[in-house]
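There are 2 protein chains.
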Amino acid sequence: MKKNNRIGALVDEFTSNPCRLYDSKYFCEKYDIAKSSLSEDIKLVNEVFKENGTGHIESSSGVGGGIKYIPGISAKRLNRLQEELCAMLEDSSRLLGGGFLYTSDIMFDGRIVDGMARVFASRFHDLGANYVVTIETKGIPLAARTAALLNLPLVVIRREAMYAEGSTVSINYFSGSSDRIQKMSIAKRAVSQGSKAIVIDDFMRGGGSLKGVIEILGEFDIKVEAIGVAMVSREPEKKKVAEYLPIVYIDEIDEERHVILARKNASLTED
Amino acid sequence: MKKNNRIGALVDEFTSNPCRLYDSKYFCEKYDIAKSSLSEDIKLVNEVFKENGTGHIESSSGVGGGIKYIPGISAKRLNRLQEELCAMLEDSSRLLGGGFLYTSDIMFDGRIVDGMARVFASRFHDLGANYVVTIETKGIPLAARTAALLNLPLVVIRREAMYAEGSTVSINYFSGSSDRIQKMSIAKRAVSQGSKAIVIDDFMRGGGSLKGVIEILGEFDIKVEAIGVAMVSREPEKKKVAEYLPIVYIDEIDEERHVILARKNASLTED
Chain U
574 MKKNNRIGAL VDEFTSNPCR LYDSKYFCEK YDIAKSSLSE DIKLVNEVFK ENGTGHIESS
634 SGVGGGIKYI PGISAKRLNR LQEELCAMLE DSSRLLGGGF LYTSDIMFDG RIVDGMARVF
694 ASRFHDLGAN YVVTIETKGI PLAARTAALL NLPLVVIRRE AMYAEGSTVS INYFSGSSDR
754 IQKMSIAKRA VSQGSKAIVI DDFMRGGGSL KGVIEILGEF DIKVEAIGVA MVSREPEKKK
814 VAEYLPIVYI DEIDEERHVI LARKNASLTE D
Chain L
574 MKKNNRIGAL VDEFTSNPCR LYDSKYFCEK YDIAKSSLSE DIKLVNEVFK ENGTGHIESS
634 SGVGGGIKYI PGISAKRLNR LQEELCAMLE DSSRLLGGGF LYTSDIMFDG RIVDGMARVF
694 ASRFHDLGAN YVVTIETKGI PLAARTAALL NLPLVVIRRE AMYAEGSTVS INYFSGSSDR
754 IQKMSIAKRA VSQGSKAIVI DDFMRGGGSL KGVIEILGEF DIKVEAIGVA MVSREPEKKK
814 VAEYLPIVYI DEIDEERHVI LARKNASLTE D
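Sequences listed follow chains U and L, in order. So the mapping is simple: this note's numbering equals the position in the first sequence, first residue as 1, plus 573. So the mapping is simple: this note's numbering equals the position in the second sequence, first residue as 1, plus 573.
Where hints are given, some of them may not hold.
Any copy, or any two copies together, can satisfy a pair, since identical chains are not distinguished.
DMTMM-like mimics (lysine to aspartate or glutamate), calculated; alpha carbons at most 25 Å apart, straight line [as the list claims (entries may be wrong)]: (1) K837 / E602; (2) K812 / D752; (3) K769 / E631; (4) K813 / E631; (5) K796 / D678; (6) K576 / E624.
These aren't lab readings, by the way, just hints derived from the structure by calculation. In this text the structure is predicted, and so the values were computed from the model without any measurement.
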């Protein structure tokens, strides 16, 4: 195989298998090349990802070492994504009354979801997590994409215990946005004791349901290593969870004046 | 930019934006190359995708023409995926009683979901569909991935009308597996009159809920162009929907003998 084709094939292989650890032997045998040629190729592929702003290659030697593609997003593209999100959110036709906004179109848009998932994957890839966890329904595509980019399984917490989930553990929690006690359930066989999770959700107001997620995972001694949320409401200022990473903030929903104010999480592009 | 880097950059761009139509001008300007060099590059990139079994490039000239990456899956990889799925399904620890199987781990595995989504994307990309539709919850990652590969928005039909969906249209339908009347709802603003849909779901027994999906989409004069289902039960033989594309069949669930029999849809690799 010629070098041109090899570079193309490597980029295709890495982007199809993000966060998968490859032994360099695998590529040397596949393309019948020496380790030194592979190193040159990998260096070039890394340049390509950096130039395109789509991630980078991590190489480590020794036992347990190898080559891995870590998906990412450039500051420029992230900035554009945040501006696009804010503009979409500020469209007053999203107002549903009661402080609710219609956001399904945003959370079900594959390009926007991929951009947000790249933010979470690039920041959470080295936390040693065992799964990406979300609570149904609207955050599932974002959580699934984040899980795929991190090469981790997805766990979906259900609102109701479903028969096809087998035996489940359930908790009740107080949801501030619906102002009532709600329930969430997790399939026992979806998780194992003492593991680590990354939690992804579409929206946070007071943080009640995310606090519930931490609590239900606590039933299995699962530690939440990070929380990523697409949109976080400024109000109430005091959240029930301490640390979380938003893509954008919703500062104000003024139903009388038909105005929504959204703002990017500027700290993301300041890193 | 050198040719090596350009090939890598093109592969990265195409795989990040499946089914997006590019004007050849876009690349000529981006890489500052002549149309003839681009043609050579695209030919090489197409070879890479074909060799890796990950898809192909479609080029068309004239008004509305351009260059597009269509994701795919090689017969070899598809065959392996089907065998893996069958082996996973035949694990008797999945038996939940009442003819139910635990399948969440399969439907929430990013690599398996990507493989199945590639089957649907490669077969349904030229149907002129406007969205990919699914009914919550377990099929959402598969439908979301299929939608992303087809560059189409996802529409999720809910079991209950949620406040944050705005005004909805609901229907009642008979679900054979739960042996009762169930409800499904779709947000009015998620769809438009007279459009076309591809429907994706995780599992079909009698086809009651898929018939419901066709009916609720019919309320908007939306035509279902194709149905893709991950797993289809052999029983009952008579389904409520006529045409559908399964990845694998579940032939038998024998609770007494603790045996599950799964079989690949052989027609997929015979094309």
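> Does the structure break any of the earlier hints, and which numbers would those be?
Replying inline: Violated hints (numbers, rising): 1, 4; every other hint is consistent with the structure.
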